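So for the sequence shown, the numbering used here puts the first residue at 3; every next one is plus one.
Any given hint could be a false lead.
[Unchecked claim] When the alpha-carbon atoms are kept at most 16 Å apart in a straight line, the in silico EDC-like pairs for lysine to aspartate or glutamate are as follows:
hint	residue 1	residue 2
1	Lys90	Asp56
2	Lys90	Glu34
3	Lys60	Asp74
4	Lys90	Glu36
5	Lys18	Asp74
6	Lys51	Asp74
Because the hints were derived from the structure by calculation, they are not lab data. Given the structure is predicted, the values throughout are model-derived calculations rather than measurements.
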Amino acid sequence: MKGMGNMGNMMKQMQKMQKKMMQAQDELHAMEFEASAGGGMVTVKANGKKEIIDVEIKEEVVDPDDIEMLQDLIIAATNDVLNQIDEKTNATMGQFTKGLNVPGLF
């Protein structure tokens with residue numbers, strides 16, 4: 003019967019870890035990230051859920067004869083902010099999966 007006590011303790015630890023993971027995930031989702039391109043000409047803000055919440059474009063970068071440059075700046079800033087979210091997510095959530103070898107988990 004001793005093994006059952008260990009199993010109970012393991013289940014409690016797993017529930018505790020799951021609660022901490024959910025809390026960390028909620029905190030990540032509430033965070034805001036920001037990236038800019040072209041020396042601040044285009045700024046993109048996103049939340050931790052990878053939802054774009056704001057795009058700021060300086061008036062002087064809007065050139066009807068060079069739409070491609072503006073598009074490139076928006077893409078660069080958006081990719082940068084999404085990479086920041088990925089890095090923060092991996093750093094935060096990775097602490098819960100260290101040492102675990104579970105396929106499909108992060």
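Item to check | Violated hints, by number in ascending order, as checked against the structure | outcome: 1, 5 and 6
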